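Engineer: Listed below, chain by chain, are the residues.
There are 2 protein chains.
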Amino acid sequence: MPRDITSFSNATVKRVRSLAQKKHRILEGLFMAEGLRICAEALEAGHVPRILVSRIGDTHELTLRLEREVEAAGGEALRVPGDILEKITGKANPQAVVGVFGFLETGLARLDRSASGIWIVCQSLKDPGNLGTILRTADAVGGGGVILLDQSCDPFSVEAVRASMGAIFTVPLAQADGQDFFTWLRSGPGMLVGASLNTDRDYQGVSYAPPTFVFMGNEQRGLPPDYEAACDELVKIPMRGKADSLNVAVSCAVMVYEVLNQQRRR
Amino acid sequence: MPRDITSFSNATVKRVRSLAQKKHRILEGLFMAEGLRICAEALEAGHVPRILVSRIGDTHELTLRLEREVEAAGGEALRVPGDILEKITGKANPQAVVGVFGFLETGLARLDRSASGIWIVCQSLKDPGNLGTILRTADAVGGGGVILLDQSCDPFSVEAVRASMGAIFTVPLAQADGQDFFTWLRSGPGMLVGASLNTDRDYQGVSYAPPTFVFMGNEQRGLPPDYEAACDELVKIPMRGKADSLNVAVSCAVMVYEVLNQQRRR
Chain A
1 MPRDITSFSN
11 ATVKRVRSLA
21 QKKHRILEGL
31 FMAEGLRICA
41 EALEAGHVPR
51 ILVSRIGDTH
61 ELTLRLEREV
71 EAAGGEALRV
81 PGDILEKITG
91 KANPQAVVGV
101 FGFLETGLAR
111 LDRSASGIWI
121 VCQSLKDPGN
131 LGTILRTADA
141 VGGGGVILLD
151 QSCDPFSVEA
161 VRASMGAIFT
171 VPLAQADGQD
181 FFTWLRSGPG
191 MLVGASLNTD
201 RDYQGVSYAP
211 PTFVFMGNEQ
221 RGLPPDYEAA
231 CDELVKIPMR
241 GKADSLNVAV
251 SCAVMVYEVL
261 NQQRRR
Chain B
1 MPRDITSFSN
11 ATVKRVRSLA
21 QKKHRILEGL
31 FMAEGLRICA
41 EALEAGHVPR
51 ILVSRIGDTH
61 ELTLRLEREV
71 EAAGGEALRV
81 PGDILEKITG
91 KANPQAVVGV
101 FGFLETGLAR
111 LDRSASGIWI
121 VCQSLKDPGN
131 LGTILRTADA
141 VGGGGVILLD
151 QSCDPFSVEA
161 VRASMGAIFT
171 VPLAQADGQD
181 FFTWLRSGPG
191 MLVGASLNTD
201 RDYQGVSYAP
211 PTFVFMGNEQ
221 RGLPPDYEAA
231 CDELVKIPMR
241 GKADSLNVAV
251 SCAVMVYEVL
261 NQQRRR
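One line per chain: the protein sequences are A and B, in this order.
Note that my numbering numbers the first sequence so that position 139 is 139, with each residue one more than the last.
Note that my numbering numbers the second sequence so that position 3 is 3, with each residue one more than the last.
Think of the hints as simulated: they come from the structure by calculation, not from any bench.
Keep in mind that this is a model prediction, so the values were computed, not measured.
In this text, a Cβ means the ideal position worked out from N, Cα and C, and glycines have one as well.
Heads up, some of the hints might be wrong.
The list that follows gives simulated cross-link-like pairs (lysine-lysine, DSSO-like), each with its CA atoms no further than 27 Å apart [stated by the list, open to error]: (1) B/Lys-87 - B/Lys-23; (2) A/Lys-91 - A/Lys-22; (3) A/Lys-126 - B/Lys-126; (4) A/Lys-87 - B/Lys-91; (5) A/Lys-14 - A/Lys-91; (6) A/Lys-91 - B/Lys-91; (7) A/Lys-126 - B/Lys-14; (8) A/Lys-87 - B/Lys-22; (9) A/Lys-91 - A/Lys-126; (10) A/Lys-91 - B/Lys-23; (11) B/Lys-23 - B/Lys-91; (12) B/Lys-87 - A/Lys-87; (13) B/Lys-14 - A/Lys-22.
Facing chain B, a subset of chain A residues (Cβ under 10 Å, in silico) [as the list claims (entries may be wrong)]: (14) Leu-43; (15) Glu-44; (16) His-47; (17) Ile-51; (18) Leu-111; (19) Ser-114; (20) Ser-116; (21) Ile-134; (22) Met-165; (23) Thr-170; (24) Gln-204; (25) Val-206; (26) Cys-231; (27) Pro-238; (28) Cys-252; (29) Ala-253.
Excised from the complex, chain A in its bound form (with noise of 0.2 Å):
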């Protein structure tokens, strides 16, 4: 049975507040998902809650079966008043439940490039709330995994996890530096595509083989020239206004479901 808690100083209430900085997520390898919905898909995804916080009163069904299922795998499931919710994630009107899970990422050795045409690469993500959308959209795509090279920002920050709207919890996800990546890439097969303004290159004017993976740079900066360098192919999404710029899950995006739209005929 849930324990009700109506203090601010409960251990277990402080600690799932501390989820909110990185240093804590990183010293306990654990990370809040909010609301009631992401919580259920985790757990259909396999992913049950280490922790789990709901508003006392709270009857939903999903709610009471993620209670369970925590319970029953060793967790936690507290039930508390509104206020501790808002204070846990910071906000006015917070959603009526919050699960704590356990870092989710594999290495790349375990990625199985064979499980997808479709892969996206991110070098040096400086935002979250694009990371998270990223992942939604691989998701969308049916794709392999992503993958964040370099100094990326944190895919289990909970801007990340709220914009990835579950995905976070269907896509395999790995972190690498560019090197072990591109000795990873090249032990099997794969084609990299990098997303560039420094070429005229059409992006629908090149065949997209599986395994294709999407690359894509950071959001000033774009691809540093010795990973574009890298790339079997640099290519360009038409651009017709008066600033040459997309919103970087946006071109992931239009780039990825380019590759479906090819493989898909095949």
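Could you slot chain B onto chain A? The hints should help.
Structural biologist: Okay, now just chain B, sitting in the frame of chain A:
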């Protein structure tokens, strides 16, 4: 010559600060754009700031040029220390320049539908980051404009302006209610294409004649049923993942790039 202001209680400083709030933006018909690059792009597009706030000691050529243009147009150019810029922008590391501009909306009747083959219509969009990103995409595809229907978020909020990366100044923007929009739309040529989950029609299976109006619904609910019924076509972007969902700015980009790709092949 710009005046040096070092007091937080200066009337113009307080007025600029107040524009972080929607009610003050609406009262004054003014909004803030942060950053030298975006202010310079605004100028390029013919929009001179009414007020320009820059950092004391800033010698950037573009800042000086902006100041000259603002004063020549009868506006006000201030120089302030870093702490006042922090206060104005609410950020710890503020941009060196903040411009204040008049609202840029136009009426439906003033949109020229022959100006472009691609238009974007959004209904009750809630997230200003999504709206800004959609404006940026509209610029990139050379779209004719973005039309906001019903209760959408504020395109002149700091977050929307920032995400637009200058497109707020280059992309025509109109707001209307649904009925007025449908009346205007049907008064001339135009194909209205709704992105929807309530159809099996593939988005690549439709021929998009110019001008095509891509119609996106609210983040949670999509388009209302009667709005879907008013569309010439409802189409679906294929999804292969666990969740049947994409970020709305991402779906919009995938849609408008399909329209652009078809129209540039003609």
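Engineer: All hints, please: hold or fail.
Structural biologist: We went through each hint and held it up to the structure:
{"no.": "1", "hint": "B/Lys-87 - B/Lys-23", "result": "holds (19 Å)"}
{"no.": "2", "hint": "A/Lys-91 - A/Lys-22", "result": "holds (18 Å)"}
{"no.": "3", "hint": "A/Lys-126 - B/Lys-126", "result": "holds (24 Å)"}
{"no.": "4", "hint": "A/Lys-87 - B/Lys-91", "result": "holds (22 Å)"}
{"no.": "5", "hint": "A/Lys-14 - A/Lys-91", "result": "holds (16 Å)"}
{"no.": "6", "hint": "A/Lys-91 - B/Lys-91", "result": "holds (19 Å)"}
{"no.": "7", "hint": "A/Lys-126 - B/Lys-14", "result": "violated (32 Å)"}
{"no.": "8", "hint": "A/Lys-87 - B/Lys-22", "result": "holds (26 Å)"}
{"no.": "9", "hint": "A/Lys-91 - A/Lys-126", "result": "holds (23 Å)"}
{"no.": "10", "hint": "A/Lys-91 - B/Lys-23", "result": "holds (22 Å)"}
{"no.": "11", "hint": "B/Lys-23 - B/Lys-91", "result": "holds (21 Å)"}
{"no.": "12", "hint": "B/Lys-87 - A/Lys-87", "result": "holds (25 Å)"}
{"no.": "13", "hint": "B/Lys-14 - A/Lys-22", "result": "violated (35 Å)"}
{"no.": "14", "hint": "Leu-43", "result": "violated (12 Å)"}
{"no.": "15", "hint": "Glu-44", "result": "holds (8 Å)"}
{"no.": "16", "hint": "His-47", "result": "violated (12 Å)"}
{"no.": "17", "hint": "Ile-51", "result": "violated (23 Å)"}
{"no.": "18", "hint": "Leu-111", "result": "violated (17 Å)"}
{"no.": "19", "hint": "Ser-114", "result": "violated (16 Å)"}
{"no.": "20", "hint": "Ser-116", "result": "holds (9 Å)"}
{"no.": "21", "hint": "Ile-134", "result": "holds (9 Å)"}
{"no.": "22", "hint": "Met-165", "result": "holds (6 Å)"}
{"no.": "23", "hint": "Thr-170", "result": "holds (4 Å)"}
{"no.": "24", "hint": "Gln-204", "result": "holds (6 Å)"}
{"no.": "25", "hint": "Val-206", "result": "violated (14 Å)"}
{"no.": "26", "hint": "Cys-231", "result": "violated (21 Å)"}
{"no.": "27", "hint": "Pro-238", "result": "holds (7 Å)"}
{"no.": "28", "hint": "Cys-252", "result": "holds (8 Å)"}
{"no.": "29", "hint": "Ala-253", "result": "holds (4 Å)"}
Hints 7, 13, 14, 16, 17, 18, 19, 25, 26, counting from the list given before, are not met by this structure.
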